[in-house]
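Novice: If you want the building blocks of each chain, they are given just below.
There are 2 protein chains.
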Amino acid sequence: MHDIIIYDTTLRDGNQAEDVNLSLEDKIKITLKLDELGIAYIEGGWPGASPVDTAFFKEIATCGLKTARIAAFGSTHHPTNSAANDKTLAALIASNASTLTIVGKSAEVHVREALRVTPDRYLDVVGDSVSCLKRAGREVIFDAEHFFDGFADNPDFSLAVLKKALEAGADVLVLCDTNGGTLPQDVAKAVRRIREYLPGTTLGIHSHNDCELAVATSLAAVEAGAVMVQGSVNGIGERCGNANLCSLIPILELKSGGAYRCLPEGRLTLLCGVSNYVAEVANMAPFSRQPFVGRSAFAHKGGIHVSAVNRNATLYEHIPPSTVGNEQRVLLTELAGRGNIVSMARRFGFHLDKDEPVVKGLLSELKDKASHGYDYAAAEASVELLLLRKLGRRGVRDFFHLIRFRVLESKQHNDARPLSEATVTLAVEGATEHTAAFGDGPVNALDSALRKALSGFYPRLQEMRLIDFKVRVLAATDQYKGTGSLVRVLIESADQRSKWVTVGVSCNIIEASWQALIDSVTYKLYKDENENCTKKLDG
Amino acid sequence: MHDIIIYDTTLRDGNQAEDVNLSLEDKIKITLKLDELGIAYIEGGWPGASPVDTAFFKEIATCGLKTARIAAFGSTHHPTNSAANDKTLAALIASNASTLTIVGKSAEVHVREALRVTPDRYLDVVGDSVSCLKRAGREVIFDAEHFFDGFADNPDFSLAVLKKALEAGADVLVLCDTNGGTLPQDVAKAVRRIREYLPGTTLGIHSHNDCELAVATSLAAVEAGAVMVQGSVNGIGERCGNANLCSLIPILELKSGGAYRCLPEGRLTLLCGVSNYVAEVANMAPFSRQPFVGRSAFAHKGGIHVSAVNRNATLYEHIPPSTVGNEQRVLLTELAGRGNIVSMARRFGFHLDKDEPVVKGLLSELKDKASHGYDYAAAEASVELLLLRKLGRRGVRDFFHLIRFRVLESKQHNDARPLSEATVTLAVEGATEHTAAFGDGPVNALDSALRKALSGFYPRLQEMRLIDFKVRVLAATDQYKGTGSLVRVLIESADQRSKWVTVGVSCNIIEASWQALIDSVTYKLYKDENENCTKKLDG
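Protein chains in written order, with our numbering: chain P, 969 to 1507; chain E, 969 to 1507.
Just so you know, not all the hints are guaranteed correct.
[Said to hold, decoys possible] With a straight-line cut-off of 25 angstroms between C-alpha atoms, the simulated SDA-like cross-links for lysine to any residue are:
1) E:LYS1358 / E:ALA1384
2) P:LYS1157 / E:VAL1327
3) E:LYS1420 / E:LYS1467
4) E:LYS1438 / P:LEU1387
Derived from the structure by calculation, the hints contain no laboratory data. All of these numbers come straight from a predicted model, not from anything done at the bench.
Could you build all of it, start to finish, from the sequences and the hints given here?
Specialist: What follows is the structure, given as structure tokens:
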């Protein structure tokens, strides 16, 4: 087994993604998390390029990292300067990072067209830049930009750049597929060629995902002998992103027959948590289909799959989800079979047999509602309530009855804000409660009135917040079309301990929202009562 | 150059993605679009498994596709049946699709554990199933499920399954990496082995993306001799999805040095449009970092990149974006922004100069509204009205003024249908019109009342229909959250001659719908008046 050196660039190349903009605090948080995971190198940014990046290196030095090394990123010196009087190199040294990574051009056309100097002059720039940083006593990583494009075009120049950097003292040479256009077999060929040309050199790979091949090209480079892999958490980065460490690390650790190790023993189970944490801090919606760590990565929807997974999970799972900290989920849809019902019930704590009549009844009710647009795969709390009611379990009583609601929306003149008011009359615990509320829109007014009416009876409802509200207009049918189309509402709610999603469907958005709202409130009340019962039973 | 046969499974395996649930209309729309793109095979679904899938094959037969072949999907017959009395095979034949694709197990452990029959019995099942479909005169594609896992474990059985299917008459054998856990080099090895074992057979590949390698394994299979590639638009599918055709097709066509062709000449530029269209119909947020077709795929953010790209785009772009119908985007500067306004105005028939003050005013108004969620890229009729008003052009007068609207929504008891009623008071052509209407939901009631109030004055409004109504809840902010989140409404309207889309944004869905509705009606009235003027001038 040999170690693959993981070099994370989430904070630098990742931050160049279109929708990412990390603050100093974000960068520190992510660094601490990556250190916990056991990432070897963390590239913090480009000192001098922005105040956040400059401040990062000062701040992180005080954080007492456990094992991660911090790298500062920059470039070879400007061709019109000397190394000694170049601001970029000076800022790198001033960052006090023990590892300095500089990007240098290794494609002749870039030297001529972007830098507008001769190849010979640029070789001196490379040598002088590396020497200057080495004289400052630092580890130096040389990122050879556009290496593969350059190597395909004029291999002599690209190899000369690598040789120059190595002779000047670079500790690692990293081959960059900067534009992300290179295929895996071409990456492998180039890596093998360099190992012949510069035997014994420590080589790294830096891939971009413009062909959806960044993971594949990184693996091809490792197979050909590269030992450092640069990438980012969740694959974020410039344009289509960088090689995704959340995929590369588990592939290398779990699928090499024990040939490679990337993280300290026992850390791989933290991966899913790190992925979610970075998405959260960067304020990005997690990508549900993301391999290994995504919410859907081990979610089974097709009926055949589900019945097989119930027998033996390995039949439809390429690894046990828990090895990367993820979990199996079985989804319920129109495509579902009785197996879906059984495994869903098991998750809610009920043991049902596939042949019990209640299973068949539940399946046909769920399929019928699914065909009318109820998205039970997303709204697990609504499914749980349906199941509990069908099984006649104690605990899901009707906590309240609707007597009447009215919502009044009015607007005067085009430029005025409309006014939304709702009244609700409920029968609750033997009493009749009649109240009213205004709101930001009709659904918000109804939501406020409902909670107002119930809060005196069920004070723990105040713990509950609505954290997401989604509306989808379902495809129009002959019966429902245009502004009268069927609408599906999904509401995600949370209290201190958990989150749950409920659903409603109607051609009337207020009615659809009402269904999802009352499921959400009922679920909270049921959960609280049930918790109390369990506590009593446990006690 | 040889042809790679593209087999699209967006409607079947794609529909098994967690957040996808295609209706019959959605499936028909997507099929027509894929036919335009020139996809060779389109797998429509599993006849008999759901009413939508069964109806699809009837409906699509009447649509007059240009070149695409429709495939129906199913499985080998149930081991307790014979082929002749099996419902699945009967439903496949009854679908009347000219191509029938059946999945069969090709891993011994699945036969024993999921099906619970002996390997020998299952070989008979495979042979009988294929023969039965061939006797019905159809092309048969055999999807060998879990092929690579089975081949690694017990290659003899996996090869025997393939041989049996081939001898029974299967036209194509497709090797499935069902769990998505196989690495590219192992796929290549297996494909080469089968080509030795069954020379001359037409082989296909069906990959899943559980290791973020579905594109890479598909390419490896093609390099090793597979000629059919199964995948989906945007890579949607069960768990982490299928091989992404939006990446595979351009890689094969653009990066093989002319070795492969997937689409008819000239169609590749449609790819980006097809990707967006499918995301739209499936109601999925497009993935901005998606290779080739994503919004960020050719977006340049890093300072070095932008300055180099302005000199020579190929320096930081692996292909010209236009080859796949995408475009370069550079972080919006004020200058680039004014250019956008000028070119937009030109599209609506106005010649503006970049330095006119009105351009600057329009730019800042559009940027401001866009930052509040107005999606002007989608709602061009709303942009055109804004532009016309700002330019003070004749024709966009205010055809009516709102004096007041009220919408009353009421519901009695949980099981009753709610009642929606709207009243509208308008000042129109010097008169005051006050009327009321019921509707399917509050927006529909308001829509009906508005048209009722106007129809006496503008009879041509009766030509206008609302053909689509979309609602998206925008990300919650500190100010707007939960049921009070900002909501964007897009309304598509049509008359005999054209279609137009308008937009409204508010935390109140009725207000947002009202904005989009009045823009829609105003646009129709403006269009009609303008047409009359033009006719008079022409005459």
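Novice: Within a Cα-Cα threshold of 25 angstroms, do E:LYS1358 and E:ALA1384 meet the stated pairing?
Specialist: violated (48 angstroms)
Novice: With a cut-off of 25 angstroms on the C-alpha distance, tell me whether P:LYS1157 and E:VAL1327 pass.
Specialist: Violated - the C-alpha atoms of E:VAL1327 and P:LYS1157 are around 53 angstroms apart, more than 25 angstroms.
Novice: With a cut-off of 25 angstroms on the C-alpha distance, tell me whether E:LYS1420 and E:LYS1467 pass.
Specialist: The hint holds at about 21 angstroms.
Novice: Is the straight-line distance between the alpha-carbon of E:LYS1438 and that of P:LEU1387 25 angstroms or less?
Specialist: holds (23 angstroms)
Violated hints, listed in ascending order, are 1 and 2; each of the other numbered hints is respected by the structure.
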